[in-house]
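Novice: Protein chains in written order, with the numbering used here: chain A, 1 to 260; chain B, 1001 to 1232; chain C, 2001 to 2301.
By construction, these hints were calculated from the structure, which means they are not laboratory data. Just so you know, these numbers come straight off a predicted model, no measurement behind them. Heads up, some of the hints might be wrong.
To be clear about the criterion: a stretch of chain A counts as covered by chain B if any three or more of its residues have a C-beta under 8 Å from a C-beta of chain B, and this derived list gives those stretches [what the hints assert, rightly or not]:
| no. | stretch |
| --- | --- |
| 1 | 62–70 |
| 2 | 189–199 |
Cβ-to-Cβ under 10 Å is the rule here; a few derived chain C residues that face chain A [as the list claims (entries may be wrong)]:
| no. | residue |
| --- | --- |
| 3 | Arg2131 |
| 4 | Leu2133 |
| 5 | Arg2275 |
| 6 | Ala2277 |
| 7 | Arg2279 |
Glycine is no exception: its CB is placed at the ideal position from the N, C-alpha and C atoms.
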Amino acid sequence: MAENEQPLLVADGLTRWYGRQLGCRDVSLELFEGEVLAVVGESGSGKSTLLHLLAGQLAPSAGLVRYRMRDGVTRDLAALSEAERRFLARTDWGYVQQDAALGLRMAVSAGGNIGERLMAVGWRHYGRIRGAAESWLDRVEIDPARIDEAPSNYSGGMRQRLQIARNLVTQPRLVFMDEPTGGLDVSVQARLLDLLRRLVQDLGLAVVIVTHDLAVARLLSHRIMVMKGGEVIETGLTDQVLDDPREAYTQLLVSSVLPV
Amino acid sequence: MTTVLEVSDVSKSFTMHLRGGMTLPVVRGVSFAARAGECVVLAGPSGAGKSSILKMIFGSYRCDLGAIHVHHGDERTDVANAGPRTMLALRLRVVAYVSQFLRAVPRVAAVDVAAEPLIACGTEREIAAHRAGDLLARLNLPDRMWGLPPATFSGGEQQRVNIARGLVGDHPLLLLDEPTASLDAANRAVVIDLVNARKRRGTAIVAIVHDADVRDAIADRIVDVTTFAAAA
Amino acid sequence: MSAHTYNFAYLDEQTKRMIRRAILKAVAVPGYQVPFASREMPMPYGWGTGGVQVTAAVLGPNDVLKVIDQGSDDTTNAVSIRKFFAKTAGVRTTTRTAEASVIQTRHRIPERPLTEDQILVFQVPIPEPLRFLEPRETETRRMHALADYGVMHVKLYEDIARHGHIATTYAYPVKVDDRYIMDPSPTPKFDNPKMNDCAALQLFGAGREKRIYAIPPYTKVVSLDFEDHPFETYRHNAPCALCGATDSFLDEVVTDDRGGRMFVCSDSDYCEARRSAQRTTTEGTKTQERVKPAETEADNG
């Protein structure tokens, strides 16, 4: 399709300073529909800064971010009004936080959490909202009978899966994920990664995922961007960068992963 | 017969920054072609660079010099200089790769691992799973194992899942890295049949095979990789 | 005895001007909460200081004032506020809705339909309808600015999920003029329909929270609901025991210590007006005559 030949998200020379401290410098990338890009690096690499810039949560010191809206028009994120940006964040985008408690309303039932976005875009039929919530709970492997429980009763892995459901219910085309498996037990991580893989495939999501875990990057992403000290060290096909790392830092990262 | 793959004067070396920038040459001046319906076997001792050549064709490794042209339909793509999206599109429908070791994704059932390349092309899940099951059955993997994730399988069982995954689609170029290394005689025979069936369907195949019998059964041409040895 | 002379209606003219400016803004943007510099009043917060300041700002010497609390002219709150204005403004006061030009109310809207010549002033404790779900003022302001009201329906959703129906019975949120979501003050949801397309000007004052908002006459006011759980007013099971009205909001009155109780109109003026209309007709429409304590006629100033 000709539509898919245009990138969905374009970053051009993104730079962000925190006073005299460099967040990230001169990052450019293109993301197409259905592509998963992993941004990997260690603490202080600038990967989280980059994610916040791409999601329009931080203003860049230099450079810009452009997004192709549902109507086909590409817009400069910085030129969007607050209302437009909020609407985008609520419909065409998802943002999965590392700490699920920050991405959910902990005192509201699971059904209310998933239904909120629908209600925010004008759904007014209780039965249908509830039905959509039940079907999403099932999809993220949470027992739909628990729809009326608040996520304060859920385990960490369940909360994260609920957060994913909450974000995907409006069928966004682009999802940002910030260390979605961080802090979870290994078996719980595996389950979550499996779910993410299937959802990305089934829904054709474009994803920017920030992670320090190379295994997560290999499992989920098509392309990978390695960052260090705010700069992009290397970028390319995931298996190519991980199997045949060119830069010294990438080689160091890859060789540092403990074998299982 | 149409040429599907043309490797032209490809060279590669590794630069090991962790060892003070030491350069490890792999291959130099690799040139060969593979045509539709033929199987080219790369021969040579371990370490000669056979796997590296396959990986360069698939795009898992970069090459320093030369070109790797893949012909598909009316188009011709140079893998050596292709960007990530081009490579991904090529892997989807043109080039399939059976690696030496299965990278076992946790929690995914064997039949789903094998069916995945078809599903990625847009085939319905049920049909893809059916085709994958057929291949697994031919490879003598008992169906009670199909629903299990392959992480706990033996080497030979994992390899059969890997082979099914590589052959489930209709990719015109097939890369096989030691497809029979951990298999018993019966299953080696099955793989030979499967490969020959693909050849009859016009698939171009580049394979690394150590077992002489298997090699004789499938190879149309043998390329001696030692002729591409890079100067140390 | 030297009488303390107050400025008309207690507040100085500059303050009244400030409040009127806020009221004008509020009328210009129906349902929008306008911040104002709430003054210290001679009654504590929680006793209607917001409503009193609004009334003081709009009152003129020819106005006739009625003050009700839960529909009654006789409670401590209503009596003291009425006396406050009688003393500081010298205006005529009344208990009859039909006679009043300014009506200050706590927690009820009069049953008798209001006219274009009347102003209804509500006492409001918490003006922000989103407060319970979003404690941050910065965030609620932004939500109103961007009409980001998804969370309001989440609250109603939760009610239905928990209770099977929308459990809010008072302070039921409304959407004003298709734009702002507003808290109608703790009036029972029974009264919500009266706010829609009302001929009178409705003003809302919150003294402690320092906000004023307004519904201009003939403005659309819709109670929030779901398509499959539409807004319904509360239905009483019995008519008023005193006047037989079936269309007014009823209070429950305990009559003895054996569990005896009766339901009477909360709006005392409405009930009294119906009863005196019945007394003047020769037909007795009441089927049950109950002995009830003699009603004190409220003072007419």
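Novice: Does each hint hold? Answer for all of them.
Specialist: Here is how each hint holds up against the structure:
Coverage of a stretch by a chain is defined here by at least three residues with a beta carbon nearer than 8 Å to that chain's beta carbons; for the stretch 62–70 of chain A and chain B the count is 0, and the condition is violated. Only residues whose C-beta sits within less than 8 Å of a C-beta in chain B count toward coverage, and the stretch 189–199 of chain A has 5 of them, enough to reach three; the restraint holds. The closest approach between the C-beta of Arg2131 of chain C and any C-beta of chain A is roughly 14 Å, which is over the 10 Å cut-off, so the hint fails. Hint status for Leu2133 of chain C relative to chain A: holds, with the closest Cβ pair at about 8 Å, below 10 Å.
Given hint, Arg2275 of chain C at the interface with chain A, is violated; its Cβ is 42 Å from that chain's nearest Cβ, farther than 10 Å. Given hint, Ala2277 of chain C at the interface with chain A, is violated; its Cβ is 43 Å from that chain's nearest Cβ, farther than 10 Å. Among the interface hints, the one on Arg2279 of chain C is violated; its C-beta lies about 48 Å from the nearest C-beta in chain A, farther than the 10 Å criterion.
Comparing the model with each earlier hint shows violations of hints 1, 3, 5, 6 and 7; every other hint is respected.
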